[in-house]
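Enquirer: Those protein sequences? They're chains A and B, same order as listed. Take the first sequence: its position 119, counting from 1, is numbered 119 in the working numbering, and each next residue is one higher. Take the second sequence: its position 179, counting from 1, is numbered 179 in the working numbering, and each next residue is one higher.
The set of hints was computed from the structure by calculation and includes no laboratory data. One should not assume that every hint holds.
These stretches of chain B come out as covered by chain A in the derived footprint (C-beta under 8 Å, 3 or more residues) [what the hints assert, rightly or not]: (1) 128 to 137; (2) 156 to 164.
In silico negatives: residues of chain B with every beta carbon more than 10 Å from chain A [claimed, not checked]: (3) D175; (4) E212; (5) L218; (6) E246.
Some residues of chain A that are not near chain B, with every Cβ distance over 12 Å (derived) [what the hints assert, rightly or not]: (7) K41; (8) R141; (9) W146; (10) G362; (11) Y369; (12) I420; (13) D436.
Every residue gets a Cβ at the ideal spot worked out from N, C-alpha and C, and that includes glycine.
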Amino acid sequence: MISIIIFAVLLIVGIGAFALNSRKIRSNILMGRDVDRSDQKGKRWKTMALIAFGQKKMFKRPLPAILHFMLYAAFVITQIELIEIIVDGLSGDHRVFRSALGGFYTFMISFIEILSVLAFIATFIFLARRNLLHIPRFRMREMKGWPKLDGNLILIMELILICFIFMMNGADEVLYRRDLSHATALGDESFGFAISQFVGPALFGGLDEAALHTVERIGWWGHIFMVFTFLNYLPFSKHFHILLAFPNTFYSNLEKKGKFTNMESVTKEVKLMMDPDADPYAAPAGDEQPPERFGAKDVQDLTWKNLLDSYTCTECGRCTAACPANQTGKLLSPRKIMMDTRDRLEEKGKGMRKNGKDYDDGKSLLNDYITQEELWACTSCNACVEECPVNIDPLSIIMDMRRYSVMEQSEIPTELAGMISNIENNGAPWQFSQDDRLNWKDEE
Amino acid sequence: MSELMKVPTMAEMTANNEVPEVLFWVGCAGSFDDRAKKITKAIVKILNKCDVKFAVLGAEESCTGDPAKRAGNEFLFQMQAMMNIQVLNGYEVKKIVTGCPHCFNTLKNEYPELGGNYDVVHHTQLIQSLIEDGKLTMEGGDTFKGKKITFHDPCYLGRANDVYEAPRQMLQNLDAELAEMKRCKTKGLCCGAGGAQMFKEAEKGDKEVNVERTEDALEVEPDVVATGCPFCNTMMTDGIKNKEKEDSVQVMDVAELIASAADL
Chain A
1 MISIIIFAVL
11 LIVGIGAFAL
21 NSRKIRSNIL
31 MGRDVDRSDQ
41 KGKRWKTMAL
51 IAFGQKKMFK
61 RPLPAILHFM
71 LYAAFVITQI
81 ELIEIIVDGL
91 SGDHRVFRSA
101 LGGFYTFMIS
111 FIEILSVLAF
121 IATFIFLARR
131 NLLHIPRFRM
141 REMKGWPKLD
151 GNLILIMELI
161 LICFIFMMNG
171 ADEVLYRRDL
181 SHATALGDES
191 FGFAISQFVG
201 PALFGGLDEA
211 ALHTVERIGW
221 WGHIFMVFTF
231 LNYLPFSKHF
241 HILLAFPNTF
251 YSNLEKKGKF
261 TNMESVTKEV
271 KLMMDPDADP
281 YAAPAGDEQP
291 PERFGAKDVQ
301 DLTWKNLLDS
311 YTCTECGRCT
321 AACPANQTGK
331 LLSPRKIMMD
341 TRDRLEEKGK
351 GMRKNGKDYD
361 DGKSLLNDYI
371 TQEELWACTS
381 CNACVEECPV
391 NIDPLSIIMD
401 MRRYSVMEQS
411 EIPTELAGMI
421 SNIENNGAPW
431 QFSQDDRLNW
441 KDEE
Chain B
1 MSELMKVPTM
11 AEMTANNEVP
21 EVLFWVGCAG
31 SFDDRAKKIT
41 KAIVKILNKC
51 DVKFAVLGAE
61 ESCTGDPAKR
71 AGNEFLFQMQ
81 AMMNIQVLNG
91 YEVKKIVTGC
101 PHCFNTLKNE
111 YPELGGNYDV
121 VHHTQLIQSL
131 IEDGKLTMEG
141 GDTFKGKKIT
151 FHDPCYLGRA
161 NDVYEAPRQM
171 LQNLDAELAE
181 MKRCKTKGLC
191 CGAGGAQMFK
201 EAEKGDKEVN
211 VERTEDALEV
221 EPDVVATGCP
231 FCNTMMTDGI
241 KNKEKEDSVQ
251 VMDVAELIAS
261 AADL
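Next up, chain A with everything else stripped away, as it sits in the complex:
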């Protein structure tokens, strides 16, 4: 009975804390400006199914894709066992699904075990890739400190989680063979799970009944405890992508990548300027909102999708590896743009929750996190957008910050200021008269 109560408390605290922290993230994301992504539902579901569920874009690099898929499949399938653990924990039963499902149960747990072994191997390779191999994208400046530790912690937690599964199933297997398991006896010799029927006797065959029950319980409690630890680690980690990848791909930008947004606030002003009948001194109509800032200086000037992107980013660095500016030694790293956005959003959100909605800490995403030098190194080539396995768009953040710099701060590289004034004066980025546009026709 006491264990049921402990379990129930663990369950409530585990899920409750996760819900609480997820709500904070949700409110942070909703700090962003509105953007309509409610159209084309069918295409959105399809995108999510292909990109998030099917991991289509991961398979551009087959080796990491296969390893990643092993982990992903194991994670998804293990949820079935987790349901059983929760039912058992709350009812005091043991392997409650087994008598109901029979042979299918054996198949299911075997499947989980095989995937767990594959996931174990994949996790080891990932750890080695991160720490032993010199893969540049894992060793860039934005990956020092917490991001590196974060990546390793997740992998280590996964290894521990898998160990607990085999402690639980392995010890229980030995107990079952000796007719001592709490699982309902179905008259068979063994559970017959694909891996633990061998691993169990090999590792725990020499233990006595009390020790076996202890190992089995450590595995069981350890497993569920790690699950809740992991769940509550997510909101503080890049690993949140395992959940956010789904909404993030659903709300993908479905337009052509070359189409940048036309700022409506600017359209209004330009139409007014070009309308000969407009009265430039007219008072704005009473219900009009104060004009919003042009472009983005801080996180609340970005759209909620940009902010969702930042929480979805798992810092894999494919964007940065593909970035022409980064490859040629410039400061710009699209991954850093996403990480900065998330870090600033966390900071801002915390400050606002503590000090009220209008709190201003005097800092901003642009300049305190992202420098002008990074902004202006972008060629807008869309390689980062193309590469991202979960359809994150670092380019639109860069563009919105350029807009703020130029339209609100008049901060622009000198040569570009020249280009701009040429377009203003003669309709071309160079100093040629518009009247000469057809001269080429008669030149030889």
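Based on the hints, put chain B in the right spot on chain A.
Expert: Chain B alone, transformed into the frame defined by chain A:
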């Protein structure tokens, strides 16, 4: 020659009560850059050779606003867009072909919301359809037999608008060997000019983007680096010069290659 270099303006056509099938949007580079003007002429010759009834805006054309927008000046972009849309809608333009992927992208994707709705194609798409319709044959001109050609994907044609095949199909008519760079199509590396970089020095780094891209191209040991963008053309030409390969490797627009193969 002069027959092939007929370039009527919209104003002239309208005055003669004529309506062109398609407006040729030349673009700033195509109008003013000495290298790009040659590409413009190649496109004109192809259009005339295929009896495509086209016109240009001439002095009524102005920058689409692309570099202003990418440089963050949305005001100037929208001013340019609305002025151009007034002109285009005034002439009731339905279809546009551009000589530049940046103009193509802007006219096609960013003008509709501002009131400019046209059927916009890039010159590679139009020329490829002319070849498919049998209106243009590669006979009598320079032969590219035995030559190796590699195509550099302009970002604003490829990733930005998913046009990868039209330029490649065009090149297939040349009887040359097509070699892909290790980074091509969706993975193609930028030439370094996009996002208004064309008009400024690069930020501090350890290499120029165009040199990095030129190295990709030189890896396949091509005779010709083909592009579909006047800015890529400039960047790749500079890259080839940087590598001192200008004697053995040419940088050409696909339109130029087709025009020269068709003896125009």
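Enquirer: At 10 Å, judged by beta carbons, does L218 (chain B) keep clear of chain A as stated?
Expert: 16 Å, holds
Enquirer: Was G362 (chain A) rightly flagged as not at the interface, with every chain B Cβ beyond 12 Å?
Expert: Label holds. Min Cβ-Cβ 24 Å, cutoff 12 Å.
Enquirer: Take the segment 128 to 137 of chain B, compare each residue's beta carbon with every beta carbon of chain A, and decide whether three or more fall closer than 8 Å.
Expert: violated (count 0)
Enquirer: Over 10 Å from every CB of chain A: does E246 (chain B) meet that, or does the non-interface label fail?
Expert: 22 Å, holds
Enquirer: Should the label of D436 (chain A) as a non-interface residue stand, given a Cβ cut-off of 12 Å to chain B?
Expert: 8 Å, violated
Enquirer: Can we confirm that no CB of chain A comes within 10 Å of the CB of E212 (chain B)?
Expert: 5 Å, violated
Enquirer: Confirm or reject the statement that I420 (chain A) sits farther than 12 Å, beta carbon to beta carbon, from all of chain B.
Expert: 6 Å, violated
Enquirer: Against chain B, does W146 (chain A) hold up as non-interface, every C-beta pair farther apart than 12 Å?
Expert: 27 Å, holds
Enquirer: Closer than 8 Å, Cβ to Cβ, for at least three residues: run that test on the segment 156 to 164 of chain B against chain A and report holds or violated.
Expert: Answer holds; 5 residues pass the 8 Å Cβ test.
Enquirer: Verify that the Cβ of D175 (chain B) lies farther than 10 Å from every Cβ atom of chain A, and report whether the claim holds or is violated.
Expert: For D175 (chain B), whose nearest Cβ neighbour in chain A is about 29 Å away, the distance exceeds 10 Å, so it holds.
Enquirer: Beyond 12 Å from every Cβ of chain B: is that where the Cβ of K41 (chain A) lies?
Expert: 22 Å, holds
Enquirer: Against chain B, does Y369 (chain A) hold up as non-interface, every C-beta pair farther apart than 12 Å?
Expert: Nearest chain B Cβ is 17 Å from Y369 (chain A), so the label holds.
In this structure, the hints that do not hold are numbers 1, 4, 12, 13, in rising order.
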